[in-house]
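Chemist: Here are the chains, one letter per residue:
Protein chains: 2
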Amino acid sequence: MTTRIFTAGLVVIGDEILSGRTHDKNIAQVASWLQVQGIRLAEVRVVPDVTARIVAAVNALRAENDYLFTTGGIGPTHDDITVDAVAEALGVAVVVHPEARAILERYYADKGGLNEGRLRMARVPEGGELIPNRMSGAPGIRLGNIFLMAGVPHITAGMLDALTGQLEGGAPLLSETIGGFIPESEVAGLLRDTEKAHPDCQIGSYPFFKDGRVGANFVIRSTDAAALAECSRALCDGLSAAGFAWEPGGIAPR
Amino acid sequence: MTTRIFTAGLVVIGDEILSGRTHDKNIAQVASWLQVQGIRLAEVRVVPDVTARIVAAVNALRAENDYLFTTGGIGPTHDDITVDAVAEALGVAVVVHPEARAILERYYADKGGLNEGRLRMARVPEGGELIPNRMSGAPGIRLGNIFLMAGVPHITAGMLDALTGQLEGGAPLLSETIGGFIPESEVAGLLRDTEKAHPDCQIGSYPFFKDGRVGANFVIRSTDAAALAECSRALCDGLSAAGFAWEPGGIAPR
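So the sequences go chain by chain: A and B.
Counting from 1, one number per residue, gives the positions in the first sequence under the working numbering.
Counting from 1, one number per residue, gives the positions in the second sequence under the working numbering.
Hints are supplied without guarantee of correctness; some may be wrong.
Copies of the same chain are indistinguishable here, so a pair counts whether it falls within one copy or spans any two.
[As the list claims (entries may be wrong)] Below, computed lysine to any residue pairings styled on SDA-like, alpha-carbon distance capped at 25 Å: (1) 210 with 230; (2) 196 with 164; (3) 210 with 251; (4) 196 with 162; (5) 210 with 224; (6) 25 with 36.
These are calculated hints, taken from the structure and not from any lab test.
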């Protein structure tokens, strides 16, 4: 089965991630959301709040992928430079979006009104449309296949929700997980041979330690449901034949 | 004060991160560890288990930085291809490291002995030295300024621990955090002006939502302790003058 595969790149913008101060949650949530849209996250780059670094990452990943997402740097403060950097990457001007301005005027009407910082959040690269933000007024921005989203994870979640079903994707990547207290080093050959015998599937092996024992979850992935089922069955049979107990759905680590 | 700034790049390798199945914990722990070594994490790239993509990321980030770290893909299974990819990136052969082989022989002596999969973990790019792994036998690998580490976070933690103090770094980046239930959009001008008045410092603004209220933590960073203290004091004074209450150390979100 040959299907067009749609891919996306993600640029995570923020010194706070690179300093270790903030633990990123956007990679996982964007990745999971993309899976459901039938789009594969092909690469993530985490870059600091430096215009040239954002421009380079945006241009590299948008050239290689169908879609580009960014998280972070669209707030009201001086270190929020994503809009300017993406405009520079695209070679377009930065303009105040009238609808964004109106949204922010309403949102801040009883909170002291617009000021210079708040007005920053109405700025978009020319041609940008708005992605609704139910949480805090300031919208995300869509420019064709480029999506600029918030850094705060639950705001990004709302923006992703607003985009659900809006993007063209391919067949979603399906997966099945099988796990057990099985040292992966004892079944490496079985995993490799099973994958080789099922060319429409990939098998990933993810070791864990739980209650002082080693184990692994094996994730079989395919866009073809029948191939996936067949490969999963073959792996289960192989594990049983080798004397290992396994559980469908895998073992939750810790 | 001018000091040499040491930087590092990190390549996180693994389909499981890009599918959203596994939430990465290595970015934050490598970032925090590097801070203490006086090394700045300049960029992270998350790439899939595909040789060409690992090679490209490794070569890009090692060219731009003093150090390069990788996490993931050094286990016993067929999807563990980091050693081969890094060898290809460097243009060197893959060889079995005698000490790694001896370590694995001892580790697996009462667990069925070495097999093909386990022996995979003794392979290193030619010239590689070992990074001890107290947790599970299989060592990490050091090649000059390149460090190949595990994907399982607590194993990586042990490898980082073994490297503590071994790498040349510059002055560590110091930081102070001030936080409060302060809408960042009301102090954006103050933050910008305070940063501008203290050229040896950067100020980051990180909004949060807690108990239904908005707030922000402001992180002042500098390699110069005196400049840091002065800038922090100026920001505190400015917040107080604007009528905002703030707390040293910041507010823990949620």
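Chemist: Each hint should be assessed against the structure and marked as holding or not.
Modeler: Hints versus structure:
no.: 1; hint: 210 with 230; verdict: neither (29 Å within a copy, 48 Å between copies)
no.: 2; hint: 196 with 164; verdict: neither (35 Å within a copy, 41 Å between copies)
no.: 3; hint: 210 with 251; verdict: within (9 Å within a copy, 33 Å between copies)
no.: 4; hint: 196 with 162; verdict: neither (40 Å within a copy, 37 Å between copies)
no.: 5; hint: 210 with 224; verdict: neither (32 Å within a copy, 44 Å between copies)
no.: 6; hint: 25 with 36; verdict: both (18 Å within a copy, 23 Å between copies)
Of the numbered hints given earlier, the model fails hints 1, 2, 4, 5; all others are met.
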